[in-house]
Amino acid sequence: MTSTPYSRLKWYLVLITLGLSLVPLFALGYVIHSEFRQTYEEKLADNLRLMVANRRDAISMFLNERVVQLQMLADIHSFDEMSHQAYLNKVFDAVHGTSSSFFDIGVIGQNGGHEAYCGPFDLMDVNYRDEPWFHQVMLKGLYISDVFMGFRNFPHFIIAVKRQEAGRTWILRATIDSEVFTSLVRNVRTGKQGDAYIVNDKDVLQTPSRFGGKALTRVALPVQLQGEGVEIQSWRQDGVPVIAGITPLPNTNWRLVIMENPEEGLSPLVRTRSLIYALLGACALMIFLGAYLTVSSAVARLRASDRQRAAMDAAVMQSSKMASLGKLAAGVAHEVNNPLSIIRESAGWIRDIINDGELGDGPAVDELQEAVSDIDRHVERARTVTHRMLGFARRMEPLQEDVDVNMLANQTASFLENETRHRNIELKTDLDPELPLITTDANQLQQVLLNLLENAIDAIERDGEITVVTRAAGDGVVLSIADSGEGISRENLAKVFDPFFTTKPTGEGTGLGLSIVYSTLSKLGGTIKVNSEPGQGSTFTIRLPFTGPQFPGGKEEP
230 MTSTPYSRLK WYLVLITLGL SLVPLFALGY VIHSEFRQTY EEKLADNLRL MVANRRDAIS
290 MFLNERVVQL QMLADIHSFD EMSHQAYLNK VFDAVHGTSS SFFDIGVIGQ NGGHEAYCGP
350 FDLMDVNYRD EPWFHQVMLK GLYISDVFMG FRNFPHFIIA VKRQEAGRTW ILRATIDSEV
410 FTSLVRNVRT GKQGDAYIVN DKDVLQTPSR FGGKALTRVA LPVQLQGEGV EIQSWRQDGV
470 PVIAGITPLP NTNWRLVIME NPEEGLSPLV RTRSLIYALL GACALMIFLG AYLTVSSAVA
530 RLRASDRQRA AMDAAVMQSS KMASLGKLAA GVAHEVNNPL SIIRESAGWI RDIINDGELG
590 DGPAVDELQE AVSDIDRHVE RARTVTHRML GFARRMEPLQ EDVDVNMLAN QTASFLENET
650 RHRNIELKTD LDPELPLITT DANQLQQVLL NLLENAIDAI ERDGEITVVT RAAGDGVVLS
710 IADSGEGISR ENLAKVFDPF FTTKPTGEGT GLGLSIVYST LSKLGGTIKV NSEPGQGSTF
770 TIRLPFTGPQ FPGGKEEP
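Quick note: the sequence shown uses this note's numbering, first residue 230, plus one each step.
In case anyone wonders, no lab produced these hints; they're calculated from the structure.
Just so you know, these numbers come straight off a predicted model, no measurement behind them.
Beta carbons: idealized from backbone N, C-alpha and C, even for Gly.
Keep in mind that the hints are not guaranteed to be accurate.
To be verified - Calculated lysine-lysine pairs in the DSBU-like style (CA-CA distance at most 30 Å, straight line): (1) Lys-391 with Lys-369; (2) Lys-272 with Lys-319; (3) Lys-421 with Lys-431; (4) Lys-758 with Lys-657; (5) Lys-319 with Lys-369; (6) Lys-752 with Lys-657; (7) Lys-391 with Lys-272; (8) Lys-319 with Lys-391; (9) Lys-657 with Lys-724; (10) Lys-391 with Lys-431; (11) Lys-431 with Lys-369; (12) Lys-431 with Lys-443; (13) Lys-724 with Lys-752; (14) Lys-421 with Lys-443.
Said to hold, decoys possible - Pairwise CB distance ranges, derived in the manner of DEER restraints: (15) Gly-764 with Leu-666: 36 to 42 Å; (16) His-651 with Gly-577: 45 to 51 Å; (17) Glu-271 with Val-469: 17 to 23 Å; (18) Trp-240 with Ala-533: 49 to 55 Å.
With these hints in hand, go ahead and build the complete structure from the sequences.
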């Protein structure tokens, strides 16, 4: 199996784990945050409603006090007294001493002209007969005007009350100090983006607005008041969210507006949300790392298990091929040996006739003698092949004896000294002097080493190097034979242990040598693997256990 399916499986499992873990986590966080935000917004709206109601009551009390003061002055003083300038001055000084909100005061007759006036302006000659407020107060008896410029040429508003006395009607009118009145509204502003102001029914500012402009400036409110109580409305103003409490003021056509930026009020919630997001992010990262590491470990184990199973399957398949080949080889060898015996006897009979001189002398006899020799040579070669096949087919149980692998390697190398010297091949050994003994069959192991060394010599042909190395490793020993030959191509590397596979020219190899090595090592409980690169030689590595075969060995993947 390639790494792609494992990678897909790993990420599939990671995503499933993250989904099952993070979706409930974020859903819980969302629900908690939504509930908390809703509760906080309701609390914010309730606080704003209470603030608007309190400020409305304060402004209404201020206006009512001014109205009551004027009505008391009109009730307890006669027209004759109040129309006397010196007396009015004394009354104004007394009133102004107790309440600085009155800017001036005037007594107006029923013809609209001033009968007496006390204040900083020269208004004695002003007649209000044509002013709308004059008719309103004459009609209703009480009038609180909108803020206007008037004859004073600065924003102000008036409170006027009507008094009827002995068939005479007169008006007591006072101008309210706009700064005192405005301070009642301005003091309620909250936050950096909060605002508070009063508008009339035409959306004209009666008090200055922090962001809407000065008094008498028109502002646009996107909502209209629907009832008499405090209404909470929200909208966006210049891209900024706004929450406002709006309520009417009694005895006027004014509306009190107190605005806040809910994001300022919700700043603790925003900080809490940021903290929640950070915690959720940290939890998500921890869950991801845990899931990734756990799944990676599980997939790595699965991959190792699949590789081990593939190796075991390959070993079983190779063992099955060897068993089938052994039976086939035995049958073929027996079938071939009988005709070979007859051929050899016939060739011997012909040689005897030639040697007895019954055929005389001549070129034909010499050619016949040479043919008989060829027959003998090829029969012998065929008998050698069938002998190997019979040896391959035998299922002999290995002996169990203590073997010094270093000594066995030196002995086997000494068998081939003449051959290596003749071909100018240097045979080196790097043997571990502390290598322990192993329990195995010395003869079969020596045959394995001999076959591998012969193959190494054939791979080099001339002028090369062979290195034999032994090492202790884990619960066994490792012996490797490396040559400096031409190496094995990648497509042939997986087939070197297959029966009858050979890279030698036709007639020079049977392809049974490495198959016999593999079969022998399997019976000894060992394994063999090969590493090779074209042009860089080959290395055959044998691994044998200390205590003999515990389980059937198998070929490791090259």
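Checked hints:
no.	hint	result
1	Lys-391 with Lys-369	holds, 8 Å
2	Lys-272 with Lys-319	violated, 51 Å
3	Lys-421 with Lys-431	holds, 27 Å
4	Lys-758 with Lys-657	holds, 21 Å
5	Lys-319 with Lys-369	holds, 28 Å
6	Lys-752 with Lys-657	holds, 28 Å
7	Lys-391 with Lys-272	violated, 45 Å
8	Lys-319 with Lys-391	holds, 21 Å
9	Lys-657 with Lys-724	holds, 28 Å
10	Lys-391 with Lys-431	holds, 27 Å
11	Lys-431 with Lys-369	holds, 22 Å
12	Lys-431 with Lys-443	holds, 15 Å
13	Lys-724 with Lys-752	holds, 20 Å
14	Lys-421 with Lys-443	holds, 19 Å
15	Gly-764 with Leu-666: 36 to 42 Å	holds, 38 Å
16	His-651 with Gly-577: 45 to 51 Å	violated, 34 Å
17	Glu-271 with Val-469: 17 to 23 Å	holds, 21 Å
18	Trp-240 with Ala-533: 49 to 55 Å	violated, 19 Å
Comparing the model with each earlier hint shows violations of hints 2, 7, 16 and 18; every other hint is respected.
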